[in-house]
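Enquirer: Starting from the known structure of chain A, fit chain B onto it as the hints suggest.
Here is how the chains run, residue by residue.
2 protein chains.
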Amino acid sequence: MIIEPADTFLKHGEIMADLARSFIRQSIFTKPKIEYKTDGSPVTNFDKELEVILRGYIHDKYPEHGIIGEELTAVNPSAEFTWLLDPIDGTLAFLTGIPVYGTLISLLHDGFPILGIIDIPMTSDRWIGQKNKKTLHNGRFIKTSDCSVLSEATLSTSSPDYYDETNINVLKTLQSATVQTVYGGSCVAYGQIASGKIDLGIDANFDIHDFLPLIPIIEGAGGLLTNWQGETLSKESGTENMIASANPYLHGKALEKINHLK
Amino acid sequence: MIIEPADTFLKHGEIMADLARSFIRQSIFTKPKIEYKTDGSPVTNFDKELEVILRGYIHDKYPEHGIIGEELTAVNPSAEFTWLLDPIDGTLAFLTGIPVYGTLISLLHDGFPILGIIDIPMTSDRWIGQKNKKTLHNGRFIKTSDCSVLSEATLSTSSPDYYDETNINVLKTLQSATVQTVYGGSCVAYGQIASGKIDLGIDANFDIHDFLPLIPIIEGAGGLLTNWQGETLSKESGTENMIASANPYLHGKALEKINHLK
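So the sequences go chain by chain: A and B.
Under this note's numbering, the first residue of the first sequence carries the number 1, and numbering increases by one thereafter.
Under this note's numbering, the first residue of the second sequence carries the number 1, and numbering increases by one thereafter.
If you are wondering where the hints come from, they were derived from the structure by calculation, not from laboratory data.
There could be a bad hint or two in this list.
Which copy? The list can't say, so a pair holds if one copy fits it or any two copies do.
[Claimed, not checked] Lysine to aspartate or glutamate pairs mimicking DMTMM-like chemistry, simulated, CA-CA at most 25 Å apart: (1) Lys131 - Glu219; (2) Lys134 - Asp18; (3) Lys48 - Glu236; (4) Lys31 - Asp146; (5) Lys172 - Asp39; (6) Lys31 - Glu152; (7) Lys172 - Glu152; (8) Lys48 - Glu152; (9) Lys31 - Glu219; (10) Lys172 - Asp161; (11) Lys37 - Glu152; (12) Lys257 - Asp161; (13) Lys33 - Asp146; (14) Lys37 - Glu240; (15) Lys33 - Glu14.
Excised from the complex, chain A in its bound form (with noise of 0.2 Å):
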């Protein structure tokens, strides 16, 4: 296999987000079919029309590559470079008219994300992400807060509805320690940890589409992403508890609190 350079696997992945942009654009105008999934969060058949694109896409430019969507059966996924796609994240907020949801796509060497990929349809907001690149956001160059102490810190979190009983406490333990929270920011959250606008954010029972696009996203702007252990995250993880911050400083002190609980 020829390995292509860094750089044409971003085009491509750049070309899928703009297919992506223009298709939810579109759907916004049309009353979309919702179904439930086992855990109680909606699909729609835009999500699974979408990811079929974009799989289409892949398969024609890649055919030798693996390909990962939330939605339907995984092809190849345990090629050397695996496509990962959540074609609409943030389907509740998609649904009511949030304008937070967005899609996700990243690239994977050997399980682990090599680019990812943060596409805002409603907004044109784009974070690009490339392990030992810096950070880009609508083109330019981005980096993290400087903030290192959590009593000056600003968490986000998707929602308290996605934490059950046990890990409740974890939210509330860092609410209790930092300046404010703000809630249901979706991808968008984990893309302005990555512009220095959010200092920490804290998710429950994430899966692999929706943690691994965002890890060069952060990373390549200063900041760390990993499970609720201080664990590296990558394919073969399952479902898990996230943790994002602007910095390792910041990303120690939180873990020290989540660890202290135990």
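Expert: Chain B only, in chain A's frame:
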């Protein structure tokens, strides 16, 4: 005094919303100066500067009208016609880059809102409500959902942190009775109730500049917005707990749930 037609009031309201949209879109490139109000909520220099701009516009067009703004001292607040301004509703969302913040503008006649505008600068969404007229979203007439039972309703709330120990049970009770909750939608969520994408919205400890502009928007699309006792809100209301619903049936059922708690 010559009473102008409603269309003229709307024209000036829209010009102010245009001014606010341009101002806010520019402001994201500059770091704000942040202060915290006595209730712990943030306010920036941009909130204040934008309020000064909008007050100047009103003073120029309608020197005899009253002005009540969120950030500065009221001018002639008992005038027959009084403008109510919230230059950046959702300041925490603004600071953290979650694109649900917006400008709320309302015109009160004898203390009751006859015009309400929600403008979302980052998505170019604008909702317009006028007393006894149908509500518009981006130039199209909209209507609320026909959901009439709580068990099928999608609920919205800005932040669970706005509730105190007494009234958090009201939120929890409505959450148990409904399908799902979307968090952090700020003023966008109330626009989407008018647009039929959300069925029920609840918030605690809101002020008149937060809820009065929403009333003509929600009501002109078929919904209702009252306090938790089902009472109409006006300029004389102080800090209030508010609830908005897609229609009177759903509103009645939600109020019944709330009153059963007492």
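Enquirer: With reference to the structure, classify each hint as holding or not holding.
Expert: These are the hints, each one checked on the structure:
1. For the identical chains of this complex, Lys131 and Glu219 are intra-copy neighbours only, at 8 Å inside a copy versus 51 Å across copies, given an alpha-carbon limit of 25 Å.
2. For a Cα distance limit of 25 Å, the shortest separation of Lys134 from Asp18 inside one copy, 21 Å, qualifies, whereas the shortest one across copies, 36 Å, does not.
3. In this assembly of identical chains, the alpha carbons of Lys48 and Glu236 lie at most 25 Å apart only when taken from the same copy (24 Å versus 50 Å across copies).
4. For the identical chains of this complex, Lys31 and Asp146 are inter-copy neighbours only, at 14 Å across copies versus 43 Å inside a copy, given an alpha-carbon limit of 25 Å.
5. Taking the shortest Cα distances, Lys172 and Asp39 sit within 25 Å of each other both inside one copy (23 Å) and across copies (20 Å).
6. Only between protomers do Lys31 and Glu152 lie at most 25 Å apart by alpha-carbon distance; the minimum there is 17 Å, versus 43 Å within a single protomer.
7. When the C-alpha separation of Lys172 and Glu152 is checked against a cutoff of 25 Å, the pair qualifies only within one copy, where the shortest distance is 16 Å, while the shortest distance between copies is 29 Å.
8. Taking the shortest Cα distances, Lys48 and Glu152 sit within 25 Å of each other only across copies (24 Å), while inside one copy they are farther apart (41 Å).
9. Within a single copy, Lys31 and Glu219 get their C-alpha atoms only as close as 38 Å, which misses the 25 Å cut-off; across copies the closest is 23 Å, which meets it.
10. Both within a single protomer and between protomers do Lys172 and Asp161 lie at most 25 Å apart by alpha-carbon distance, with minima of 13 Å and 11 Å respectively.
11. For the identical chains of this complex, Lys37 and Glu152 are inter-copy neighbours only, at 16 Å across copies versus 38 Å inside a copy, given an alpha-carbon limit of 25 Å.
12. In this assembly of identical chains, Lys257 and Asp161 lie within 25 Å of each other by CA distance both inside one copy and across copies; the values are 21 Å within and 21 Å between.
13. Taking CA atoms no more than 25 Å apart as the test, Lys33 paired with Asp146 passes between copies only; the shortest distance there is 17 Å, against 44 Å inside one copy.
14. In the homo-oligomer, the alpha carbons of Lys37 and Glu240 lie at most 25 Å apart inside one protomer (18 Å), although the nearest pairing across protomers, at 37 Å, exceeds that limit.
15. For the homomeric pair Lys33 and Glu14, neither the shortest alpha-carbon distance inside one copy (28 Å) nor that between copies (35 Å) is at most 25 Å.
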